[in-house]
Every structure is written in structure tokens, then in C-alpha cells.
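Colleague: Produce the complete structure using the sequences and hints provided.
Sequence order for the protein chains is U and L.
For the record, in the first sequence the residue sitting at position 77 is 1236 according to the working numbering, with numbers rising by one throughout.
For the record, in the second sequence the residue sitting at position 378 is 507 according to the working numbering, with numbers rising by one throughout.
If you are wondering where the hints come from, they were derived from the structure by calculation, not from laboratory data.
Incorrect hints may appear among the rest.
As the list claims (entries may be wrong) - So the derived list for chain U, only partly shown, Cβ under 8 Å to chain L, looks like this:
id, residue
1, A1199
2, A1203
3, F1204
4, H1211
5, D1215
6, G1216
7, L1240
Ideal placement from N, C-alpha and C gives every residue a C-beta, glycine not left out.
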Amino acid sequence: MVENGYLALAAVLFALGGVGVLLRRSPLISLMCVELMWNAANLAFVTFARMHGNMDGQVFAFLTITVAAAEAAIGLALIVLLFRRREHVDVDDVHSLRG
Amino acid sequence: MPNFAENLPVLAPLLALAVGALGVLVLDLVLPARRGYGWWFAVALAGVALAALYTLPLLGGNRTAFGGALVADRFGLFFWLVILAAAGASLLLSLSRSEEDASGYLALLLWAAMGMAVLAAAGNLMVVFLGLEILSLALYVLVAFAPGNRIAWEAALKYFLLGAVAAGFLLFGFALIYGAVGGVGFDQIADYARGTAELPRIYKLGVGLSLTGFAFKLALVPFHVWAPDAYEGAPTPVTAFMSVGTKAAAFAAMARFLVAAVPPQAQTAYLLPLGVLAALSMLVGALAAIRQENLKRILAYSGISHAGYLIMALPGLTEEGLGAGLFYLAGYLCMNMALFAGMVYLRQVGEDGESVASYTGLLYRRPALAGALALALFALAGLPPTVGFTGKFLLALAAIRGEAWLLLGALILATGVSAYVYLRVVAAMARQPEKVRRSAAAEVAAAAAPAAGEGAAALGLPDGLIRGAAGAVLVLAVAGMLLLGVLPGRVLAALTGLLG
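Modeller: Here's what the structure looks like:
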């Protein structure tokens, strides 16, 4: 069944995003990995919507895309706020706070 | 197609909050900040008050709106009242802000409250996600709302990245559940979970991933690392708001989700992992708080423990259990608001109010304030005759009924350890300050006072009003604590009745 392929792809994308957030040091790359995780969920939603033959999953995917745009805007704003006066961005520099 | 007007009563409180937020922003545009400053706060408070007024008539019965997408049953409405109370108290404590950007701050606070209300009344997975994101996006920005405060910005970025990952888990979990069920409504999920003999693996995986997302919002161990930083970095009124509001909303949504998604025949298997997280949260929260020197961080770790205590209401998913959870949340609202109001008041009179050391000898300088704060700390520690004791007692009863022995053991251990944490602050208040220390404290106060004065001179509200508001929040919170602690029977009966 062709849908299974899409689901496998969604799972792989989700895992890649999760690993990326954990391993990459740049907040920008982390943000991109998070987007990858969200979009993996979107792919799964759309695939399931096709399997079930109803629109709930497609509507959910639309909603997620909209929210992801707002989320990215806020994330980028925070990164700019924090690193405006520096030449590079690295999450290891975020250490004024104790764990 | 249902008539829009039929849905309006349920939507009205949410609209009141949203319109209040927009009203503040519009006022900022049409009136110069110097003249309009007091009005921003008035409009924001009016929005919250209006939302509460619209909520009260709904309490008469259970209703749904938009084809079941919003469920304004009495369970959800109770959370609305807790959230609105937290928002109102937090607005009153925010009166001390004196920056030009206060309009954005107030609008975000109201939107966060709206997101919490949406989350607490969600009737399907889409609305859960929407509510969670409205509240989170507003809070990410609010945590960073301290001009020039690098620590707050870093905390906000940390909170944002971890929150976004948690939302990813939640979303993927929802996708898998949708894949198994074929719909996103809680009623559809409940029918599916009860009507299917052998639930497929993707469904179980989906429920697990979703619970991970919820656990993050409740700050359960091991998804708690953001909480102490975000609590410390955020402006104090925001910390007060997020500590109670987020917890209440996430707890409501998680309880609804569990009631729908967990099949009754397999309750233990689904709830055991959550119980382990809750037990760990209680213990880690209590132990980590021992070493903290900042009261906000202590309250953050105490919040982690309390999230664990709240989970004790869930085993068995019975009405009595959930009623105990609601009762504890109402008590937690009072205890936390009292402490944060005390911190704001102390800051307003030129004291530090954040480090535990700055509380040394408070009992001799300000006996009434110290007494109120000590009462709140006793309540957090769970001593009678406060609501802390009654609430914990009811939660323990719920755990015994649900045969959750692990949780009960963790509760007892954690209560013992955390008593030391809270009583240490009380002991600091009661200690007679030495001469040298007093002069050092006076210097700090003298250094802080002109800084606060400068800000107030440019913009801001009269000093007496700010102190009065903080004092009023403190008095109301203490009254609530005692009332709930001394007369729990009537309140609890009403709360259990709410669930029926």
C-alpha cells in the first residue's frame, strides 16, 4: 500500500528532527529541526486523512502550518534578541543560567 | 448548520479576553502613553472581569459549542474561574510595571489566559493543540519581557525550543491517534477505545507521545528542565500566572484526554508510566529545592512537586479523585498568589524579595507580611489548618482508593523533604538580623530604591495603588487559603457535584 511508504517517511522525518534538535548546536538549526518534526506530523495527518477518506486530518495539517508560522516568527525574534550583538549563534553560549 | 448565536454564550468569555487584549493595543495607539497608562490596566482588568461575568451563568449546566469542539461543562468552567482568578491577580501585581511596552505585555497576558481557557474547554485534539499554542506562544514572549535582562531572554529561548519540541511530540501523537481512530473528537476517541477489543500499536504509541507533550507543559520530571529558568527569568507576575494557569489548563486537557483515550479495561497499563513520572517529579522537585537560594527557583521546583501531587487525582479516573485535584488546584492558586504578591510588595518597598537571605528578620520589620507569607509557606509544606494539608489529605485518599501505592509513598517522602525547604524560609524570617547584616540589607535597599523611583517618575502608577493592589491580592489569597482549609467539606461537595 502506497500510504505505508508515506507513513514510514513521516516517522523518519520525525526521528531526524528529534535527533537534530538534540545534536545540533545552533538555535537556528534547532528551529529548523523542530519544523521538520511538526511537518512530519503534518505528513502523517494528510496520509491518514487519505486512508480514512475524511477531511479532519487535512484541516489539522492546515492548522498546524498556520501555527508553525507564528511559532517560527517568535522563535526567530527571540534568537535575534539574544544574539544581536554577536557574530555567531550557538546554544552553548546560552549559559548565564544554571541548568 | 448550527446557528452561530447558539454558540455565543460559550464563546463570550473567550471573546471578552481577546477584545480586552485588542482594546489595550488600540488605546496605546490613540492615547499617548503618559495619559493612557492607567487606562491600559483598567481595560485589561475589565476584560478579565467581563470574562468572569460571562462564565458564571454558564455554570448552570453542561453545554457544548461548535459541534463539540468547545466543551463548557462544569469541569472546564471551574478551570476557567481558576485561570481568570490567576490572570486577574497577575494583572494587579503587574501594576508596578513602568515601561512603555506595558500595553503589549498586558495584551499577551490576556491572550495567554484565553489560550488556557481554550485548552481547558477543548473537545477535540485540534482545539487542544490550538489552545496549547495560543498559551505557549504568548508565554514565550512574556518570559522574555524584561528589557535588557539577558537571563530572561535566555530562559525564553530555552523554554521556546523545548516547548516546540514537546509540541512536536504532541502533534505526532495526535496524528497517530487520528490514524487509528479516523477522527479527532474526544467522543469519537472514547467510542473507539471502548469498542475495540485489541487496540493497534500506533494508537498506544500515539497516546504515549501525546502524554509526553502534556508532561512537558505540566513540568513533570524528566521534562522539567525549562521550569526553574523560565520561572526565575520571567517578570514576577508572569511567573505567578504561568505557575498556576499553565498547570491548571494542561491538567484539565490531560484529564479530558485520559478519560477519553484510556480504555477502562487497561487503565493500569496506561496510567502506570504517568504515575512513575509523577512520583519522580515529587521527589526530584523536593530534593532539588533544598539547594536553591532564590525564592522564585524554590517555587519552580515546588511547582514540579505539585504537578506530581496533582497526578495523584488521576488513578482510577473517578469523580472523587478529579474533585480532589480541582480542590488542590484552587488551594495552589491561593498559596502561590500569596507568595508572589509578597515578593512584588517587597520589591515595591525597595527590598530584594527574591533571595532567601533577604527574608532574614522580616518578621521584625514587617510582622503582618511575614505572617501571611509564613502561612502560605506552611500551606505549601502541607501543615494544618491550611488548605495545603486538606488538599494533600484528599489527594492521598484518592490515591488510596485508586490503589496507587507508589504515588502515596512518594507523596509522604516528598512532603517530608519539602517541609525542610519551606520552613527554612520561615526560619530565615524569624531570625533576628545581626547588626552588620542589617546595615548591608539597608544598603541594598537604598541602592534599589532610587532605581525604582526613577522608573516610576517617568511612567507608571502611583506607589500607593501598586502596594494596595499587591496587598489586596495577598489578603484575598490568605483568606482563600484559610477558608478552603477550614471549611473544605462544602467546597469539595460543590466541586464533586460539578463533575456529575
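Colleague: Are there hints from earlier that the structure breaks, and if so, what are their numbers?
Modeller: none
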